[in-house]
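Undergrad: Each chain, written out:
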Amino acid sequence: MAKKVLVLAETRDGALRNVSFEAIAAAKEISGGGEVFTVLCGDTVQSLAAELIHFGADRVLVAEDEKLANYTTDGYFQTLKKIIDDESPEAIVFGHTSLGKDLSPRLAARLESGLISDVTGLEQAGENTVFTRPVYSGKAFEKKLISDGLVFVTIRPNNIAPLEKDESRTGDVKSVSVEIKDLRTIVKEVVRKASTGVDLSEAKIIVAGGRGVKSEDGFKPLQELADVLGAAVGASRGACDADYCDYSLQIGQTGKVVTPDLYIACGISGAIQHLAGMSNSKVIVAINKDPEASIFSVADYGIVGDLFEVVPLLTEEFKKVLV
Amino acid sequence: MNIYVILKRTFDTEEKISVSNNKISEDSAEFIINPYDEYAIEEAITLKDAHGGTVTVVTVGDEDSEKELRTALAMGADQAVLISNEDLEAQDQYTTSTVLAAFFKDKEYDIILGGNVAIDNGTGQVGPRLAELLDIPHVTTITKIEISGTTVNIERDVEGDLEKIETSLPLLVTAQQGLNEPRYPSLPGIMKAKKKPLETLDLDDIDIDEDDVEAKTKTVEVYLPPKKEAGKILSGETADQVKELVSLLRNEAKVI
Ligand SMILES: Cc1cc2nc3c(=O)[nH]c(=O)nc-3n(C[C@H](O)[C@H](O)[C@H](O)COP(=O)(O)OP(=O)(O)OC[C@H]3O[C@@H](n4cnc5c(N)ncnc54)[C@H](O)[C@@H]3O)c2cc1C
Ligand SMILES: Cc1cc2nc3c(=O)[nH]c(=O)nc-3n(C[C@H](O)[C@H](O)[C@H](O)COP(=O)(O)OP(=O)(O)OC[C@H]3O[C@@H](n4cnc5c(N)ncnc54)[C@H](O)[C@@H]3O)c2cc1C
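One line per chain: the protein sequences are D and F, in this order.
In this text, residue positions in the first sequence follow my numbering: the first is 1, and each later residue adds one.
In this text, residue positions in the second sequence follow my numbering: the first is 1, and each later residue adds one.
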């Protein structure tokens with residue numbers, strides 16, 4: 001049965017986030033040939049609508065309001081609630097991002113619906129879509145469905161492939177106005193810490209350092225390797241706690257959950273809370289001087305050795321082959 | 001101040017996990033207070049120390065959850081409530097939050113603290129769902145909170161960026177790592193906890209009919225990921241290992 005599906009698009013630094021394109025791809029599958037429409041919120045975002053169409057959206061609703069410049073739960077809640085009331089979608093897809101995690105449960109509660117969070121895969125089973133999600137810090141998986149009522153899911157970034165971009169696609173772009181009142185939480189200030197470079201949760205390659213990196217300076221060789229590979233730099237909690245780098249680089253249960261094609265762990269022991277954030281990476285390389293370190297148990301390739309020796313050699317070798 | 005903490009007893013995911021009958025096996029599993037809820041308890045006690053009042057810890061769970069509630073009491077909470085889920089067949093986040101909302105309906109609360117996510121099921125839904133059902137604002141993944149009068153200033157973690165938020169009581173917040181360092185229960189604390197009030201309620205006591213809170217989602221399968229083949233640990237001279245690794249990444253794994 002064809003379904004009408006709503007996708008919430010997200011922006012960062014004035015550009016659409018990849019997870020929004022992935023959400024459109026997921027929505028297409030859920031829709032079974034029905035309509036996929038995207039909601040885009042912000043103060044000036046109209047110009048981004050076309051790209052959503054190129055990635056597969058049939059229609060875009062643009063809600064522009066200065067009160068939507070920064071995400072607030074109430075501002076977005078009121079906007080989405082109004083659109084859902086007007087449009088009556090049968091399914092909703094958000095990214096499992098900071099915003100999606102904050103907003104989706106609240107909306108689900110108002111809509112008295114189920115919500116399947118942190119989805120990494122989906123498949124059709126008769127009338128239903130069955131969703132896969134990791135549980136127990138990534139040690140197990142479950143398959144879930146919502147058998148009746150609204151199908152509401154959030155998808156983990158970097159797991160569901162976006163559709164091929166097609167610039168010849170066209171679709172309807174319409175403005176919607178929502179009267180936003182009584183914001184009960186006000187954003188006073190946003191202190192940007194995350195580097196403006198590659199977004200960790202969407203990076204294809206990540207070079208991550210742990211306590212074994214030993215100092216702030218110790219991250220330099222990792223950064224050099226990342227530069228050669230066009231990768232993002234990440235870190236374990238151990239490195240953040242020791243002040244070698246900012247918490248915004250933290251990967252794991254408390255930090256970012258990442259699923260790159262290649263994850264290179266340098267001087268990271270592999271605690272379960274760290275693994276929860278990266279064990280689904282497609283290929284994992286571990287560089288650690290302790291052959292017993294648990295990171296090796298999830299690694300596809302391992303080098304037992306001193307990272308300060310191995311990483312610069314690796315950078316040189318990649319420089320040679322990547323010219 | 002009336003301070004509440006919503007607490008979940010969870011499976012310790014540091015333990016080995018096995019699946020039987022399409023369920024995660026609980027035999028010989030270790031259970032703990034969800035680590036993010038420990039931050040919530042610690043912050044609740046700190047708020048009480050600063051502003052006075054009582055700290056009540058609430059959980060929806062089976063009778064074994066009493067152990068985790070006693071631990072929270074030993075840390076310094078004043079009283080605990082165990083809402084028994086033994087009449088519930090299938091329970092999802094819709095269920096849990098609806099049950100909690102029914103409990104809070106006739107309570108006076110200034111602030112409710114919870115964890116940002118449970119480490120076993122890991123959805124992070126229960127806090128914001130509950131806030132909506134109670135029609136109070138919520139702030140997720142907080143790393144700092146200051147209350148003066150009814151004004152609340154909060155710092156929250158947003159994918160590594162820091163957001164400063166102003167809001168007011170009554171309020172629900174969810175704790176992120178970095179909020180504080182949870183204390184360990186002291187020996188006198190453990191002794192005192194035995195005498196602190198712990199009330200057990202069933203669904204009737206909070207006017208809930210189990211049919212009204214039937215899960216909206218259905219789990220069709222639980223499975224362990226296919227066992228990863230042991231990785232290749234390279235050997236030989238470091239320089240050769242590095243060459244081999246680069247070649248493997250390009251030709252075998254094809255990721256570069
Ligand atoms: C509630 C909770 C949430 C948490 N969330 C997270 C999270 O999100 N992310 C996270 O990462 N952690 C998290 N942790 C912390 C986690 O338990 C570990 O403490 C942390 O991951 C350890 O970091 P590490 O591997 O860098 O340090 P360590 O465990 O100290 O490991 C350092 C490693 O470096 C190796 N090493 C040292 N020198 C060298 C060298 N010269 N060359 C090569 N190798 C070397 C050592 O052999 C060792 O294996 C959390 C903990 C709790 C309780
Ligand atoms: C008998 C039984 C049957 C179940 N059947 C199913 C099922 O069929 N499908 C399914 O999806 N799940 C099922 N569960 C799991 C259960 O529904 C969820 O674990 C629960 O709803 C909490 O969701 P979560 O783990 O995603 O917590 P999160 O939303 O990630 O938790 C966030 C925070 O909310 C608070 N919180 C969470 N749970 C509780 C609680 N119980 N009491 C008080 N505060 C809490 C804590 O502060 C926690 O840190 C079952 C559980 C039981 C005991």
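Calculated from the structure, these hints are not laboratory results.
Ideal placement from N, C-alpha and C gives every residue a C-beta, glycine not left out.
Be aware that one or more of the hints could be misleading.
Stated by the list, open to error - Derived CB-CB ranges, DEER-like:
| # | chain 1 | residue 1 | chain 2 | residue 2 | range |
| --- | --- | --- | --- | --- | --- |
| 1 | F | Lys67 | D | Glu66 | 48 to 56 Å |
| 2 | F | Ala230 | D | Leu163 | 48 to 56 Å |
| 3 | F | Asn2 | D | Glu87 | 19 to 27 Å |
| 4 | F | Gly52 | D | Lys4 | 50 to 58 Å |
| 5 | F | Lys232 | D | Asp148 | 42 to 50 Å |
| 6 | F | Ser18 | D | Glu87 | 39 to 47 Å |
As the list claims (entries may be wrong) - Below, computed lysine-lysine pairings styled on DSS-like, alpha-carbon distance capped at 27 Å:
| # | chain 1 | residue 1 | chain 2 | residue 2 |
| --- | --- | --- | --- | --- |
| 7 | D | Lys67 | D | Lys174 |
| 8 | D | Lys174 | D | Lys220 |
| 9 | D | Lys204 | F | Lys144 |
| 10 | F | Lys16 | D | Lys193 |
| 11 | F | Lys164 | D | Lys81 |
| 12 | F | Lys144 | D | Lys282 |
| 13 | F | Lys144 | D | Lys289 |
| 14 | F | Lys164 | D | Lys193 |
| 15 | D | Lys193 | D | Lys4 |
| 16 | D | Lys188 | F | Lys48 |
| 17 | D | Lys319 | F | Lys232 |
Undergrad: Check the hint pairing Lys193 (chain D) with Lys4 (chain D) against an upper bound of 27 Å on the C-alpha distance.
TA: Since the Cα atoms of Lys193 (chain D) and Lys4 (chain D) sit roughly 38 Å apart, the hinted pair is violated (cutoff 27 Å).
Undergrad: Given a hinted range of 19 to 27 Å, is it respected by the beta-carbon distance of Asn2 (chain F) and Glu87 (chain D)?
TA: Violated, since Asn2 (chain F) and Glu87 (chain D) (Cβ atoms, about 40 Å apart) do not stay within the stated range.
Undergrad: Does Lys164 (chain F) pair with Lys81 (chain D) here, judged by a C-alpha cut-off of 27 Å?
TA: holds (25 Å)
Undergrad: Take the C-beta atom of Lys232 (chain F) and the C-beta atom of Asp148 (chain D), compute their distance, and say whether it sits inside 42 to 50 Å.
TA: holds (48 Å)
Undergrad: Is the Cα-Cα distance between Lys144 (chain F) and Lys289 (chain D) 27 Å or less?
TA: violated (37 Å)
Undergrad: Does the Cβ distance between Ser18 (chain F) and Glu87 (chain D) fall inside 39 to 47 Å?
TA: Distance hint for Ser18 (chain F), Glu87 (chain D) holds at roughly 45 Å.
Undergrad: Using the Cβ atoms, figure out if Lys67 (chain F) sits within 48 to 56 Å of Glu66 (chain D).
TA: holds (51 Å)
Undergrad: Between Lys319 (chain D) and Lys232 (chain F), is the straight-line Cα distance small enough, at 27 Å or below?
TA: holds (23 Å)
Undergrad: Between Lys67 (chain D) and Lys174 (chain D), does the CA-CA distance stay at or below 27 Å?
TA: The hint holds at about 19 Å.
Undergrad: Given the hint that Lys188 (chain D) pairs with Lys48 (chain F), does the C-alpha gap stay at or below 27 Å?
TA: holds (26 Å)
Undergrad: Verify the proposed pairing of Lys164 (chain F) with Lys193 (chain D), using a straight-line Cα cut of 27 Å.
TA: Roughly 13 Å separates the two Cα atoms, so the pair holds.
Undergrad: Could you tell me whether the CB distance from Ala230 (chain F) to Leu163 (chain D) stays inside 48 to 56 Å?
TA: violated (36 Å)
Hints 2, 3, 8, 9, 10, 12, 13 and 15 from the list above are not met by this structure, while the remaining hints are.
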